[in-house]
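Chemist: If you want the building blocks of each chain, they are given just below.
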Amino acid sequence: MSALRAEESLLALRQQEELEDLPKEYPLSTSEDEGDSDGERKHQKLLEAISSLDGKNRRKLAERSEASLKVSEFNVSSEGSGEKLVLSDLLEPGKTSSSLATVKKQLNRVKSKKTVELPLNKEEVERIHREVAFNKTSQALSKWDPIVLKNRQAEQLVFPLKKEQSAFAPIEHVLSGWKARTPMEQEIFNLLHKNKQPVTDPLLTPVEKASLRAMSLEEAKMRRAELQRARALQSYYEARARREKKIKSKKYHKVLKKGKAKKALKEFEKLQKVSPSAALEELEKIEKARMMERMSLKHQNSGKWAKSKAIMAKYDLEARQALQEQLARNKELTQKLQAASKSEEEEEGAEEEDELLVPDAVNEVRMNADGPNPWMLRNGPSEAEEVDIQKDPEQPPEPVAHEASESEGEENPVAEEEMLLKELEERRSLRKKPGLNQDAKPVGRRETKDSSSQEVLSELRALSQKLNKENHRSTKQKVSSARTVLPVQREEAADEEEEPMLLQRPERARTLDELEELGREGCFQDKEHPRPAVNGQWLERKPNNQPSAPKEKPKKEQMIDLQNLLSTKSPSVKSLAVPTTVEEWEDEEEKDQRQMIKEAFAGDDVIRDFLKEKREAVEASKPKDVDLTLPGWGEWGGVGLMPSAKKRRRFLIKIPEGPPRKDKNLPNVIINEKRNIHAAAHQVRERAPSGCLSLLPGSLAWEEGSSALGSRRMRDLDHRIKSVLVSLTGSEMNNSESTLLF
Amino acid sequence: MKVKMLSRNPDNYVRETKLDLQRVPRNYDPTLHPFEVPREYMRALNATKLERVFAKPFLASLDGHRDGVNCLAKHPKSLATVLSGACDGEVRIWNLTKRKCIRALQAHEGFVRGICTRFCGTSFFTVGDDKTVKQWKMDGPGFGEEEEPLHTILGKTVYTGIDHHWKEAVFATCGQQVDIWDEQRTNPICSMTWGFDSISSVKFNPIETFLLGSCASDRNIVLYDMRQATPLKKVILDMRTNTICWNPMEAFIFTAANEDYNLYTFDMRALDTPVMVHMDHVSAVLDVDYSPTGKEFVSASFDKSIRIFPVDKGRSREVYHTKRMQHVICVKWTSDSKYIMCGSDEMNIRLWKANASEKLGVLTSREKAAKDYNQKLKEKFQHHPHIKRIARHRHLPKSIYSQIQEQRIMREARRRKYVLGHLTLSQYSFLTSLSQLTKNKQTKNLPFKGIVYVLLSPLEVFLKTSLGFFLFPVKRGEQ
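If you read the protein sequences in the order shown, they are chains A and B.
Each step along the first sequence adds one to the number in the UniProt record's numbering, with nothing skipped, and position 82 is 82.
Each step along the second sequence adds one to the number in the UniProt record's numbering, with nothing skipped, and position 285 is 285.
With the rest of the complex left out, here is chain A:
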């Protein structure tokens, strides 16, 4: 078989050779290369034919022997190879020319195409459409978000929101149909034209336009504001300088000079570190200044008086002494500054010693209440003093705080005057402080005073200390309690359901009286559901001068009735109280005012009244004993006959005393431990109503909460006080019909 096959193949080869001889009327293949490689192919075939002769049974691949233009896919077979023949594989071996690639792609596509899916049912399609449309619209709508937010947060909305410009007819339109006719008009227009005055366009000359262009409104405003500020600063500075110049206090000037010298020294030291050469120059300058000073001084025994004295000195002892004094003074003056400052400190030390005797409270008393009626003072203890009082127990950190405040003052140029004042105040307080700490120390000069005044002083000191401490503690407690309570209540409020805004009843309230009744009803309701009153909180939120506040406040701030507690008013206290520099500064007017108030209330003894009131309050709060005696029961009764003492004792039921009053140790305070229902009707509930934004910091209500909306202030805050919604009547309408309906 195999031999036969081999013969056949040889025969076929021969035929091919014959075919080759034929003129090339049709191409064997599309590529020319194949023609060139014909020889090789023949050779290959031959080899194959020979190899098949060896008898081994080789499978013969079917071959296409005929070349034709139409290649049917059915002719291609893949016999022999185990795999399925893929059409594209047939095209593989040939070099991938572009034309083949496209064919391949097409074939691939044909292969990958699946059956077309069923169209979605209508509902599904609609749903998808809807979803897409909804997403699109809601996206489009979110462009309104910022505007809506702005409107919601606006403090005031004026409707209509965008004002339509009232339709002005531009002047060109008006003028277009008009011509200058009379000679005068013509003349005027001539003039206008000559001067380049605009006739039609917005009535601005080119110069004006240029100026307009040069600076925008905002720039101009900014510049104006800057100028204003500069002017204000200048005026402040001038005023300050004037004021300082007017100050006659030598001490003040001394302090000032010293401060300047110190500053210069400091700067010099700094300079020394930075650049020694410059420092040298500076040193020279300083030296020169000192020399100048020295030369100019009149203590050199070179003046007329000194010369005359020198002549006299030979004979007169006094004159000699005077000269010596002068010389000593000269030495003193020409010495370095530090020595001088030292001596001053010593002086101050002496002063301090003086003050050691005077406790804090006394000074305050004197400060606040040098008149008989301290209640009528315009201000309570000044702010600085209050700070002092609060800080007393914790002394160490104080200097730091002061420094901080100083540095702050330096930063702020406007507050410099204030800083100066503060400095003085601090100096005063610092001087006073040792008095508190060292009161255990025996002070030498005490012996000189009489013993009664000493007692008084020690008592005062102790009391004042106690008071200070207590004040401090109580404020602390208040704050902390308020802090702990608040969030809890907030939560409660959040939990609670929104209560109806209206209180609907089947009764009418038409007259003022009925409304008044309503209000009362409100407080009764309150009574029914009594809430534990958190005093501290209420006090905290309560504005300074709230209805009930004015009654209590002054009582609390009073430290003075100590004065009253002491039966004898020692004159020594007054003499001891140190006059402070602040007082010197006091304006004449203020003094007048004080004087007037003093005179007006000269007769009243407010403190005594207060004490009386307190006594009454204490009495009223004490539980009363119950007397159950029946006169005439078991014995004779009648006019002038009293039940026997024994009986009375028997039937008197004593009620145990309650806990001690909270104000027992506070002589200057009345603490009312009962909740006053009448006041409660007018007090805001401790808890902010749920959803009450107005109590958040930053809101208008927060700012104004503690103070009155006076009519004057109202004018200042006008834009805020106006109602939240202002709708202009009928301007929503386009036509100009009068729209006031009634």
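Take these hints with a grain of salt, some might be off.
[Said to hold, decoys possible] So the derived list for chain B, only partly shown, Cβ under 10 Å to chain A, looks like this: (1) 3; (2) 53; (3) 251; (4) 295; (5) 381; (6) 385; (7) 387.
Derived from the structure by calculation, the hints contain no laboratory data.
Note that the structure is a prediction, hence the values are computed from the model and not measured.
Just so you know, even glycine gets a beta-carbon here, dropped at the ideal spot from N, CA and C.
We have chain A; now place chain B onto it with these hints.
Modeler: Here is chain B on its own, set in the frame of chain A:
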């Protein structure tokens, strides 16, 4: 020598006009006026009282209809003109300043279901039970002419509502489906439908004018987009919504008046939950309309009252009612935001002030200043109980009052039942106070505090809290 002269600025002591008060120099230093705040408190109290005394919101009643008023429409250009359609097919146009009917026409047979004006105010549209849409001229016919509509469109089904586009010559009707019409054509441009129930009202969004909202009898509120001619989204509520109204200032907010006595304000981008549920009515809410400021809306109810709600509050700030006013079917807020009109069953249209105690007419500047000041005072002291009590008081007719009480009780009961879950009261023999048994802190703030439900078995007490059941052994004797 320099002589110092007194020189004063006349601005400080001369009044501006002779109508002003004389100027009195005054020191405004707050420390000099410690009683300023108490004084202001009294002023606020008085202002509140006066506000209640002068709260007389009812202005006028317009009578003339011979059947219940079914729909109202505002004139877009004239504040004083109002249109109303009645249940007998009559349409009347009213002049509010004169409080008179200026024109009456028999528009339909049967109900006038809907009425709306064209944005230019020259004509208006009505739909009725006779399956027609009619366009009418705003001005009446000349002498001798007959009253005839400009156009009439005969439809296949009944139309139940109509609304006109805010800017274009397009209007929408509803009935079986929502139809968008061009004014010039007799066939709708497009019809949109979602569900099969009849649609009771359709409203154009005043800002994004291509948006529409409608509510159907199958408890749905459906939103449509006119440009894309598809419905967008729907939300299903517990009960049927009677009508919706878009907020004129906030494009995506609308409020739905529902049969379950509540109003629901929705953000149309998030329909899962309403932004706010407004409750206070005691019967189905039939109509709602926004104030042009977009801050408040008014609702009309079947309970014979109308209420004004702030948009961001769940409770009403005002309730209006009169003895003779029956079920209020339609309500409108005038475009100057000062008045409210309502049409009711008993054939009258009533006119109310939006602010009950507002003074009408032109105010002098001093009056205005005083008003502002008083307003501010009232605001400042509003939380003081005395003032609050007076400001909140409203008179209610007995029927509504008792209904409120009844519903409150019902609500309570429902809540208890809900909290109890499947345990119902009837299963248990008695109740005892929890406070006697235990002082459990966790139960303190729970709504059912103080109540313990005890099983018939004498040894255990079930207390259900949000955390689960607690068992308390109880002796029989303690019960």
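Chemist: All hints, please: hold or fail.
Modeler: Hints, verified against the model:
no. : hint : result
1   : 3    : violated (21 Å)
2   : 53   : holds (6 Å)
3   : 251  : holds (5 Å)
4   : 295  : holds (6 Å)
5   : 381  : holds (8 Å)
6   : 385  : holds (5 Å)
7   : 387  : holds (8 Å)
Hint violations for this structure: number 1 only, all remaining hints satisfied.
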